[in-house]
Every structure is written in structure tokens, then in C-alpha cells.
Amino acid sequence: MAQKNSVLMGTLGKYSDRFHTYQPARDYAERIEVAKTISGADGIEPVYPHDLGHDGEMMQATKDCGMAISAVNVNLKGEDLFRAGSFTNPDAGVRQQAISYMKRAMDMAAELGTDMISVCPLIDGSDHAFHVDHFDQWRWTIDAFGEVTSHRDDVRVSIEYKAYEVRNRIILPSMGRTLHLCDRVGAANLGVTMDLGHALIEGECAAAEIAAAHEAGRLFYVHFNDNDRNADWDMPVASINLWDTLEVLWYMERIGYDGWIAYDVFTRAGDGVEAVGDTFETMNHLRELLAKIGPDKLKAMVAAGSSARTTRDLIKALL
Numbered sequence: 006m007a008q009k010n011s012v013l014m015g016t017l018g019k020y021s022d023r024f025h026t027y028q029p030a031r032d033y034a035e036r037i038e039v040a041k042t043i044s045g046a047d048g049i050e051p052v053y054p055h056d057l058g059h060d061g062e063m064m065q066a067t068k069d070c071g072m073a074i075s076a077v078n079v080n081l082k083g084e085d086l087f088r089a090g091s092f093t094n095p096d097a098g099v100r101q102q103a104i105s106y107m108k109r110a111m112d113m114a115a116e117l118g119t120d121m122i123s124v125c126p127l128i129d130g131s132d133h134a135f136h137v138d139h140f141d142q143w144r145w146t147i148d149a150f151g152e153v154t155s156h157r158d159d160v161r162v163s164i165e166y167k168a169y170e171v172r173n174r175i176i177l178p179s180m181g182r183t184l185h186l187c188d189r190v191g192a193a194n195l196g197v198t199m200d201l202g203h204a205l206i207e208g209e210c211a212a213a214e215i216a217a218a219h220e221a222g223r224l225f226y227v228h229f230n231d232n233d234r235n236a237d238w239d240m241p242v243a244s245i246n247l248w249d250t251l252e253v254l255w256y257m258e259r260i261g262y263d264g265w266i267a268y269d270v271f272t273r274a275g276d277g278v279e280a281v282g283d284t285f286e287t288m289n290h291l292r293e294l295l296a297k298i299g300p301d302k303l304k305a306m307v308a309a310g311s312s313a314r315t316t317r318d319l320i321k322a323l324l
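Residue numbering for the sequence shown is 6 to 324, as defined by this note's numbering.
No lab work stands behind these hints: they were computed from the structure.
Honestly, I wouldn't trust all of these hints.
Said to hold, decoys possible - Lysine to aspartate or glutamate pairs mimicking EDC-like chemistry, simulated, CA-CA at most 20 Å apart:
| # | residue 1 | residue 2 |
| --- | --- | --- |
| 1 | Lys68 | Glu38 |
| 2 | Lys321 | Asp249 |
| 3 | Lys19 | Glu35 |
What the hints assert, rightly or not - Computed beta-carbon distance windows for the label pairs:
| # | residue 1 | residue 2 | range |
| --- | --- | --- | --- |
| 4 | Leu324 | His185 | 36 to 46 Å |
| 5 | Leu324 | Ala115 | 27 to 37 Å |
| 6 | His133 | Ala236 | 11 to 21 Å |
These numbers were taken from a predicted model, which means no experiment stands behind them.
Positions of the beta carbon are idealized from the N, C-alpha and C atoms, including for glycine.
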């Protein structure tokens, strides 16, 4: 399987938690130049409007950068306009503005030579009981994606689900709920971004979700990172969940996934740009490990159904 690596442009700038800021701040033009220096990077995932500009001020710079565009990421959380929600905002005018952002991003994606936008509706959902009307939110979300996907059929819309953050509970927290939404909308160009870190904090078996999304014909995009299953730390790949990551890669090979793999990776310690390059190398080593075990041995492990034997054989493959 050919590997196409994309860098999320937001990962190449500063990163802040509640207490500290890590990595240097860089504007979009600087981050483009940095991305070009990363060995193994085939493309970038710019953000609308924060990178590309509301009116496309940075479109030409993006076209001229010499890198492919894996997708245009639509940010519907960062502006004060969306404080009470984007697709689920009680104000119909704000909901329409969110839809307009999506349509503009689709047009930009086509102009940049990619057939996909990705969106994570982080500001849509609820924080506590009796906070929102769940019937209204669900209907508004279906209607919004219905209108967006009908804007043009040559650009796919990929939904990146997440359990929580910004909202305590996001309206699309899981693969199952997101696939259900896709079915309710019914558009062929609506699918799912499987972010490994998001699957982990939702408590999912990420490989099983890959299988379900593929069977539904809606696996459009994959993001890789890692965390401790408690919060979305966007840590380097396989730094904690080695075997889960390896199983996801095996399932991607089994289904012949040939789409983009994007990396949403931050590091508090060390050079952030170097960490992205190291992550690409880690992925190559994981593929080498799968090849060392071999497909027949992997299938035999599954068929045997023996936890102890599987653990033994996986550990032996590392020696």
C-alpha cells in the first residue's frame, strides 16, 4: 500500500495547554516553508479560514508551495461567532454561516486540486443535562450536511468525530453515530475521518471502526496520533498504544486503503517539526514489523483466539 503522508498545518506552530506554551509561533507562510523541509511529507492539510483566509488571501501561496493538498480542514469553533455552536447554533443565521464556510471550503478544495474537505464539529453538542434540545440539534445537523453535500458532487465531505472538547459531549462522538448521520443524510460524498486519537478517547477499538467504515463505503480519511485514552494529547504515533496502532495499520492494509494519512502530532519536549518527521519514520518501522510477522501468521493469531499466544508472538516479532 502506497503511503501518502500529509501534515496538518496547525501542528507546525505553537501548542498551548492550560499552563504552558510549547513550540514557536509561526504564521502560515512560515509553516508552509517548514512543511517543505520535512522528509516524507507528501502534502499538507491547510485550515479554512485560519490559514487560507476568509477571502482566500493565501490561496495563491498554497498553490505555489509545491506540495499536494490532502484536504481543506474547516474550523468552525475558533471564532466568537460560533461560541454557542456552528451547525447546531440556536441562531439560524449562524447555522447558515457555518454552512457557507463549508461551501466556500469545498470551492477552495477544488481550486487547490483536492477532492475533499474535513470538518470536526467540536463546538456542537452539550455540556450538561437540559443544556440543549437534542431533537433540534440532530435535525439541524442532518439538514446542514444535506445542504453542504449538495453544493457540489466533485468534493467529498469527511466528518472527523470526537467524544469531547470543546463541548463536554460532542454531537458526533463516535464512529457509529457518525455513520448513522451519513446514512440519514444519504449523500454519496459524505464520509468519515477516522482519527486514531479520537477513537482511543471514545474507548473504541480503532481497527473495528476502520472495518465498519470501510464496509459502509464511507472511510474517506485517516489521522494518526496517540494518547492515554483520557484526553486528546496528540502524542507521536505508537508512543503509548503500540499494538492498537499496529492493528489499525494491518486493517488498512487488508482493505487496501490508498487514501491520505494525515498526522496530528504535537510534542512538548524536543523539536516539533522533527517530531513529525520521526513519526513518519515510526510508521515505516511499524509496517516493517507487520511484514516481519507476515499476513499468514497474523491471520493464524486471530484464528487461534488465544490471548497469551498472540501476545507471545507479537513480542517475539520485536526481538
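Structure-based check of each hint:
no. : hint                         : in the structure
1   : Lys68 to Glu38               : holds (13 Å)
2   : Lys321 to Asp249             : holds (17 Å)
3   : Lys19 to Glu35               : holds (12 Å)
4   : Leu324 to His185: 36 to 46 Å : holds (44 Å)
5   : Leu324 to Ala115: 27 to 37 Å : violated (50 Å)
6   : His133 to Ala236: 11 to 21 Å : holds (19 Å)
Violated hints amount to a single one, hint 5; each of the other numbered hints is respected by the structure.
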